[in-house]
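Visitor: Spelled out from the first residue to the last, the chains are:
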Amino acid sequence: MKSLVIAARTGFSEIRAHKTRSILSFLAIAVGAVVFINAFSAICATYERLKKQKDVSGIARLKISQNNSRLFSSPDAEYTPPPAFTYEDVLLLKRKMPGLYMVSPEARDWHDVLEYNGRRVNTNLLGVAPDWIKRDFVYTLRGRFLNWHDLENKLRVCVLIKKAPPPPGNSFEKSMFKKWNSAAAFDTLVSHNDLLGKPVKIEGVNFTVIGILEELPASKREVMVGYSNSKDVQILAPVTTLTHFGFISARNSLDVSIDTGSEQTFEESLKLIKNFLKIRFGDEDSFIIENQMELIRERTEKSVKNSLMTISLGMLAFIAGGIGIMNVTLATVFARTKEIGVRRAIGANRGDIMLQFIVEAVLLGLIGGVLGSGIGYVWNGPVRVIFGMGGGTIKPWIPLVSVLIAAFTSFAFAIYPAWVAANLKPADALRAE
Amino acid sequence: MTISCRGLTKVYEGGKSGWPALRGISFDIGPGEFAAVTGPSGCGKSTLLNIIGLLDEPSGGGYFLHGRDVVKMSDLERSDARRDGIGFVFQAFHLLNRLTALDNVCLPMMYAGAPDKAIKSRAHELLHKVGLKGKERKTPLELSGGERQRVAIARALANSPKIILADEPTGNLDSSSSREVMNMLLVLNKEGITVVMVTHDRELAALAGRNIRMMDGVIES
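Keeping their order, the protein sequence lines are chains A and B. Quick note: the first sequence uses the working numbering, first residue 79, plus one each step. Quick note: the second sequence uses the working numbering, first residue 567, plus one each step.
Some hints could be false.
What the hints assert, rightly or not - Straight-line alpha carbon distances no greater than 20 Å define the calculated SDA-like cross-link-like pairs of lysine to any residue that follow: (1) A:Lys132 - A:Ala120; (2) A:Lys503 - B:Pro706; (3) B:Lys686 - A:Arg87; (4) A:Lys130 - A:Thr378; (5) A:Lys503 - B:Asp650; (6) A:Lys80 - B:Asp646; (7) A:Lys80 - B:Ala647; (8) B:Lys701 - B:Glu757; (9) B:Lys683 - A:Val83; (10) A:Lys80 - B:Asn725; (11) A:Lys416 - B:Leu707; (12) A:Lys416 - B:Lys686; (13) A:Lys416 - B:Ala658; (14) A:Lys416 - B:Gly737; (15) B:Lys686 - A:Ser81; (16) B:Lys686 - B:Pro706; (17) A:Lys416 - B:Glu623; (18) A:Lys503 - B:Arg644; (19) A:Lys172 - A:Asp187; (20) B:Lys686 - A:Thr378.
The hints are simulated quantities; they were obtained by calculation from the structure and are not laboratory data. Values in this document were obtained by computation on a predicted structure and should not be read as measured data.
Taking the hints into account, I'd like the entire structure generated from these sequences.
Guide: Okay, structure coming up:
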């Protein structure tokens, strides 16, 4: 204990006495801490996005759509249209498998003209069922969403999507955003007029706006696997209404988006759905079942791998810092050989000497770690926000861990120099100049 | 016997067969003796003192400190024996310049693990004893040569050793400081401490109770 006190006291006075050397050592370790904090912050952000992904989109997702490769490849001379998944099939599936959390058809119709108050804008339509809102719900709802009554009666009601401003990006991203944003006029119309409860015309058909979905800001809806089907959609309407009024051809097959509810029952549900298709259409190959859970899992694994890569980079940075500490400590040992001799002469044993240099190095590492953690914290918090990069995800334990790792790295890399110091013969050390 | 050497040899590495510094030295020093080791430069005086002080190991022969066989002691035991039983006074003082006089004196007691309060009061007492009252807070660089050597003596006395080894303690001092330091050593010897002093000052050597004259690694007389 006493020698620890001596070591700490000596360490501090040495650090103070050799400011340049100490500052360089701090920096070596601090860089490691900054990289490490960046790495961990990125990893935390990844996991948070994953979690959000699970909350928003669900993980046990799948999608049924027509197998287009079979569409026109009948071997017979006479063309027979392939089976289509209809609204009735959706209802039947729901009846047969009440355990499914969400089942909604998704039928698109592109480039419809919406007319309001004499203004005409370009929009995209999506025909859905009430279940749709249970997933991909990254909006706040004003008014009400579609209900089964609307669908059964093919009512001409619709829900508009009000987009949030795009996330900050570079000029290229901004120009790309403009290039593909065919609905800019619609967005302007919706953001400047409150259309809730108002009549609108879509391709000449009268509709009433019963609800407005306001998109949350980018930071709150950002998900890792972009599986939102509503990306390019501005208007949601009952799928039955759209079919009835000819927006969607009745002969076309519907896409069906499904959330089976939980990961545990996913495989079982998948089997049942395949069975359903087989019984209903005689041939399950007429449809493709996209296993989105697999996709989500794959992407998760990939991001975990990326995280490990990033962590190893952080570790490498620490090792580089550690080598810096080792170098400095070795130099210190040689510069203070005589002092080592004096200390040995007045009673220090090998352990005392070893402890002294290790404590000194750990002090360097601790101070450097705190410094680096501070920089890393500020960088991943306020600075990134100021530069419009979006705040990183920093948990309080990240800087703490990085300080500990900095201290441990210094400790590990100081062992050899300290061992060299401890094994100097007192008489030889005293003779050193 | 306090110090007992039997056929001590020391060969430094270098050249084909090394360079012999001590070539068979035997002598005894009893408790309370004041022995001056004299001889020309390079005759092995300092090497002998380093071996007696457990700072170096002999290449051959036997060395018994208070009857204990030093050759068989571990490094840790040697460190402890040095810390608790031997005080060093060097020609170049060998004080730690970044510490105050007081802290320099405290250091051996801290390594011995004594309680803080006892350390502080003993250090004050020792500095008072060597006549440096009021200069406790000065660093060695702010003290004169004589004062530095007195700090070194206070430090050597910190753990109440039975032996003081002085390697040319007056070599870097003017004549009046030399006399003071020598008187101090004589006083300590009167108090019962065994003193072994290496010097090539014949006048100082004459003040010691016993003279060991060395020449080329052996004792002449």
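Visitor: Taking the hints in turn, state whether each one holds.
Guide: Evaluation of the provided hints:
no., hint, result
1, A:Lys132 - A:Ala120, "holds, 18 Å"
2, A:Lys503 - B:Pro706, "violated, 25 Å"
3, B:Lys686 - A:Arg87, "holds, 16 Å"
4, A:Lys130 - A:Thr378, "holds, 13 Å"
5, A:Lys503 - B:Asp650, "holds, 19 Å"
6, A:Lys80 - B:Asp646, "holds, 15 Å"
7, A:Lys80 - B:Ala647, "holds, 18 Å"
8, B:Lys701 - B:Glu757, "violated, 25 Å"
9, B:Lys683 - A:Val83, "holds, 15 Å"
10, A:Lys80 - B:Asn725, "holds, 15 Å"
11, A:Lys416 - B:Leu707, "holds, 17 Å"
12, A:Lys416 - B:Lys686, "violated, 26 Å"
13, A:Lys416 - B:Ala658, "holds, 11 Å"
14, A:Lys416 - B:Gly737, "holds, 19 Å"
15, B:Lys686 - A:Ser81, "holds, 16 Å"
16, B:Lys686 - B:Pro706, "holds, 18 Å"
17, A:Lys416 - B:Glu623, "holds, 18 Å"
18, A:Lys503 - B:Arg644, "holds, 12 Å"
19, A:Lys172 - A:Asp187, "violated, 24 Å"
20, B:Lys686 - A:Thr378, "violated, 63 Å"
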